[in-house]
Structure formats: structure tokens, C-alpha cells
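Assemble the whole structure, with the sequences as input and the hints as a guide.
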Amino acid sequence: MDERLEERVARVEGVLEQMDKRLGRVEAELKELRQELTAEIRMLREEMRSEISGLRSEVRNEINGLRNEMTVGFQRLDERFYSLVKWIIVALASMWGTLMAAILALFFKG
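Note that my numbering gives residue 23 to position 23 of the sequence shown, counting from 1, and the numbers run on in steps of one.
Derived from the structure by calculation, the hints contain no laboratory data. Ideal Cβ positions, reconstructed from N, Cα and C, are used throughout, including at glycine. A hint or two may mislead.
Stated by the list, open to error - Computed beta-carbon distance windows for the label pairs:
hint: 1; residue 1: SER94; residue 2: ASN61; range: 46 to 56 Å
hint: 2; residue 1: ARG67; residue 2: ILE89; range: 24 to 34 Å
hint: 3; residue 1: SER94; residue 2: GLU69; range: 30 to 40 Å
hint: 4; residue 1: LEU99; residue 2: GLU62; range: 51 to 61 Å
hint: 5; residue 1: GLU46; residue 2: LEU84; range: 51 to 61 Å
Written as C-alpha cells, this is what we have:
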């Protein structure tokens with residue numbers, strides 16, 4: 001019976017050694033996988049930061065372009081408005097002059 005028990009104990013010890021080796025490999029693989037995942041996550045974060053930065057600069061450029069276009073447009077509107085006001089003032093002055101000339105003509109005729 002001692003021999004059988006010793007055989008069984010030896011077999012169990014062999015199995016335990018194999019399990020220890022397998023668990024060691026699993027732990028090493030898990031550690032490697034964790035490192036790979038960490039590296040991938042870092043790379044993704046960097047890519048996202050780069051893309052977001054690029055989008056921000058594109059949006060800024062578009063906004064600046066729109067501001068410039070609006071500024072030019074408002075300047076053109078201002079020029080048109082002042083031109084129109086000048087013509088209205090000239091028209092009013094000429095009407096006033098014509099009216100005054102007619103009144104003076106009537107006044108000196110009579």
C-alpha cells in the first residue's frame with residue numbers, strides 16, 4: 001500500500017508541476033496581453049488627440065475665413081450705404097435749391 005500511495009503522490013506532484021508551468025505561461029501571456037493593450041490604448045489616445053487637434057485647426061481656419069468674408073461683406077454694405085446717403089443728400093440739396101430758386105423768382109417778379 002505504501003507503494004501505491006507513493007505512486008499516487010508522485011503522480012499528483014507531477015500534475016501540480018505541470019499546472020504550475022501552465023499557470024506560469026498563462027500569467028506571462030496575460031502580462032504580455034496587458035502590455036499590448038496598454039500600448040494600443042496609448043496609440044489610440046495619441047491618434048485621437050492628433051485628429052482632434054487637426055479638426056480644431058480646421059474649424060479655426062474656417063471661422064477665420066468666414067469672419068474675413070463677413071468683414072469684407074460689411075465693408076461693401078457700408079460703402080453702398082454711404083454712397084446711397086450721398087446721392088440722397090445731393091438730390092435733397094438740388095430739390096431745395098430748385099425750390100429756393102422758384103421762390104426767389106416769384107418773390108422778385110412780383
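Checked hints:
A C-beta distance of roughly 50 Å is found between SER94 and ASN61, which places it inside the suggested range of 46 to 56 Å. Our hint of 24 to 34 Å for ARG67 and ILE89 holds, since their Cβ atoms are close to 32 Å apart. Take SER94 and GLU69: their Cβ atoms lie about 38 Å apart, and the range 30 to 40 Å holds. Separation of LEU99 from GLU62 is about 55 Å and conforms to the stated range, judged on CB atoms against 51 to 61 Å.
For GLU46 and LEU84, the hinted distance range of 51 to 61 Å is satisfied, since their beta carbons lie about 57 Å from each other.
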